[in-house]
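Two chains, two frames, some hints: make the complex.
These protein sequence lines map, in sequence, to chains G and U.
Per my numbering: the first sequence = residues 244 to 367.
Per my numbering: the second sequence = residues 16 to 396.
Source of the hints: derived by calculation from the structure; they are not laboratory data.
Check each hint, because a few of them may be wrong.
Claimed, not checked - Across the chosen pairs, the derived CB separations fall in these ranges:
1. U:292 <-> G:347: 14 to 20 Å
2. U:394 <-> G:351: 32 to 38 Å
3. G:335 <-> U:336: 26 to 32 Å
What the hints assert, rightly or not - Here are the simulated SDA-like cross-link-like pairs (lysine to any residue), alpha carbons at most 20 Å apart as the crow flies:
4. U:253 <-> G:319
5. U:199 <-> G:340
6. U:362 <-> U:68
7. U:362 <-> G:299
8. U:253 <-> G:297
Claimed, not checked - Residues from chain U shown here face chain G by an in silico Cβ test under 7 Å; the list is partial:
9. 74
10. 92
11. 218
12. 250
13. 251
14. 252
15. 265
16. 315
Quantities reported herein were computed from a predicted structural model and do not represent experimental measurements.
Backbone N, C-alpha and C fix where the C-beta goes; we use that ideal spot for every residue, glycine too.
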Amino acid sequence: MASLTHRHLGLRGPSPAAGAGWAARTILTTAVLVATSAFAADTLDPNALKRLVHQDCGSCHGLSLKGGLGPDLRAETLDHYDPEVLTGVILDGIPDTAMPPWRPLISEEEAEWIARYLLDTEAR
Amino acid sequence: MKQLFLGLAAGLMMTTAQAEPTATGDLGLVIERAQGSVLLVDQSDRAALARIEGLGDLSHASLVYSPDERFAYVFGRDGGLTKVDIVTRQIVNRVVQAGNAIGGAISDDGRLVAVSNYEPGGVRVFDAETLEMVADIPTDSKTIGLVDAPGRRFVFTMWDTGETWIADFAKGNPAITKVPDMGKNPYDALITANGRTYITGLFGEDGLTALDLWAETPEPIRVLPDYGRGQEEMPVYKMPHLEGWALTGREFVLPAVGHHEVLWIDADTLTETGRTKTHGQPVFAMARPDGRQVWVNFAHPLNDTIQVIDSVTKDIIHEFKPGPAVLHMEFTPRGHEVWISVRDANKVMVYDTQTFEKLREIEADSPSGIFFTARAHRTGL
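The shape of chain U in the complex, shown without the other chains (with noise of 0.2 Å):
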């Protein structure tokens, strides 16, 4: 009897504890790469909630969240696909749904989870609810910069062939455009905020490649063709990521290939305004959410750096180094603070943006990406 009353109370208790509203508004998770776990992390109190294990290999690592900024989805390397419930902190659904993935991206109106994959080339669509799959599109191809875009679209590209595609649910079953020359090896691509413009870089050739989605019929459109020509191209230790793009005043900045600069193009004409010279080969160029600032990383040998350029002038107006290996940054939704993986050393730095002052240090288990859940709100991210 006693027992049977304490279970009650017990029960009761947690009853209690789960009727608490939880809001998920400043929370955000943190990839932990070598263990295959989700670091949930408060962004006002900069602090450490939880730790989610069991997510497969996160060594390269990304993930979306849904319109209610409830549940994330992960996404593997190992093709894992594993929904995340950051209120009740666990997994409450998994599937392993290719054999190599990259990225992955939901649908606007948050029904749809589209993965891209290396192994089997191609992008393959699951219910937001169940995981189960809806759509399987093989592309031939390993499969990069994948994006959504409004109207229920998934935009992606193909290393392979060069081809983008876009695969529009809106009528249930997808209707599939294809842009082929885009350019040689596009390792990444981006969308605007507004889902206008979808650039891809390239690897294979120097520039990048634009599409107008508002376009009756998207065409290709050079950008910046002639970039690094004339200059002897510097070895390439990291693909950078155009996930983090940046979008300051009326311009884009871009990490370069091959050289060390970042690149900077007036959104509206797509024409070069500026380059900026970096310590490295940059990985992410990521504009504070102000657009006033931009925060660039670097590929191996020189992981150890952050520049912060101005972007009304152009120039470098900070550098230090955080420590060995750092991988990603996340703004906070208003700027005012970043966060910033520091993988060899196994902790998040936070840092005053205007102040460059650390803030404080996380413990995190190999942190890589950080994904605070105001993306639930972004196109393309």
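Isolated chain G, as found in the complex (with noise of 0.2 Å):
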């Protein structure tokens, strides 16, 4: 499963861009994400799915998820979203519209940490 999805994602290691205070936030988010999803998370890799979120959500969603063709995805105007509903959501899409499902994509660990990380203000 490791293997599949980082075929998928196509990791490559740490991004170039990322810098000290960059990494900093990382670590705790990652740390805040082990503790409170005891599965996996040694196969996740933050700053790739970051890049994923950005980059690729940010198609629709617009890189700073301000929202574009597709609706605002920052953390204050999700709030009152469960993670389990955003999780769901990146996994399946919502039919009729231009949300597609992921779930080719990502694991169902990642959709989780992508949801946290849209839900956690501090985050980002």
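Here's what the structure looks like:
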């Protein structure tokens, strides 16, 4: 599963753009996530997932997630959603809208990480 | 006294440098999406000349050129409209005209610059000289597919309501013609180089919808309404772009949506003439200026690849992987070379379109759109 996930995401280690502050926050976020979700943390690459969120979700939702063709995904906009609901939307999309299912490309653990990342106002 | 002399000398040297004419015909700008800058490039030298910074959020950005190829109007995601002087290599004016913008166009006479916005939904039109707003056209919808049309007109389409509007600025205040029933969720549109046919791609249903802008009363013309019927739709991880429309001889080639193929359409009858299966969901299908080849790039997660299709046989004749996240391609005006932005390699790569040999790599920071000044003289670009 881990290797499949890695191939799908094209994970190639840490992004060269990541600076020290970014890395520190990553470690903090990872620590929070490890504390809240016991599984599979060692197979997740937070930098690659952040890159996915901003670059690829960003195709529709904007690089800064302020919205575009797709809605605003900033934490303050999403804060009334449970992470489980967002995880479901990420994995299965929303029928009859432009939101595609990401299940073919990412694991459930990765979707859950993304949902928590979106809701975490400190994470960005 | 010595200081004064030096100051004068420096002043004179600057004047001399500026008096040296700068020809802009083979220049271009590359959007650097992460840092909000543009890179000035020279096509003939295959080189970057300068970086111009301070253009805001360029995560989905495009630009148009003034008719004299001196000024670029850059449309940023954050609603920023920035006027860049590529001769002096600096920003000369900038306004933030909306909260969330998607694209823009310049009128045929070069006097008006229009921007289409998601938030607030609509089109705003500015004086190209001063960037003062001359018209605000709310549409109550996310507005896409904005192009210029001959006769000082702009044409644009609404994602939410499926209408296309034609705003005619020939007499100053815009006269607006509304065309309903273009289809469900139009995502982008193009206009042909002669300014006659406007085609919008549909996300919410199969096919495309065309308008004949030469008609007295343009009516929606359905194009390939059944092209995906009976086939399972595939997830679309990035909407295709139609701006880089391709006319090859007598046919258009356009990216399908939810199907991994490009569609060939007879330009006169607007009927299907073929399909070519592709590597993934096409994003851009762009014809080399002579029309002999079509270069296609793809949506995530297959966005490291380009396929080249021969427009006579409709077969794929070449496939290669320039690198991670190929976002855009721009041909030199006569098509001998193509420049390709490879976002995650932080490079623009230049290829020979006959031999497919890579000629140069140019460092750029998260490059996306590449725009050569020759666009200044083409309707719809």
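Tested hints:
1. U:292 <-> G:347: 14 to 20 Å: holds, 19 Å
2. U:394 <-> G:351: 32 to 38 Å: At roughly 49 Å between Cβ atoms, residue 351 (chain G) and residue 394 (chain U) fall outside 32 to 38 Å, so the hint is violated.
3. G:335 <-> U:336: 26 to 32 Å: Holds, at about 30 Å.
4. U:253 <-> G:319: violated, 25 Å
5. U:199 <-> G:340: holds, 11 Å
6. U:362 <-> U:68: It holds: about 18 Å lies between the C-alpha atoms, which stays within 20 Å.
7. U:362 <-> G:299: With Cα atoms ~19 Å apart, residue 362 (chain U) and residue 299 (chain G) stay inside 20 Å; holds.
8. U:253 <-> G:297: Holds, because 13 Å separates the two Cα atoms, which is no more than 20 Å.
9. 74: holds, 3 Å
10. 92: Status holds, d = 6 Å.
11. 218: holds, 6 Å
12. 250: Because about 3 Å separates residue 250 (chain U) from the closest Cβ in chain G, which is inside the 7 Å limit, the hint holds.
13. 251: holds, 6 Å
14. 252: holds, 6 Å
15. 265: violated, 32 Å
16. 315: holds, 5 Å
In the structure shown, a violation is registered for the earlier hints numbered 2, 4 and 15, in ascending order.
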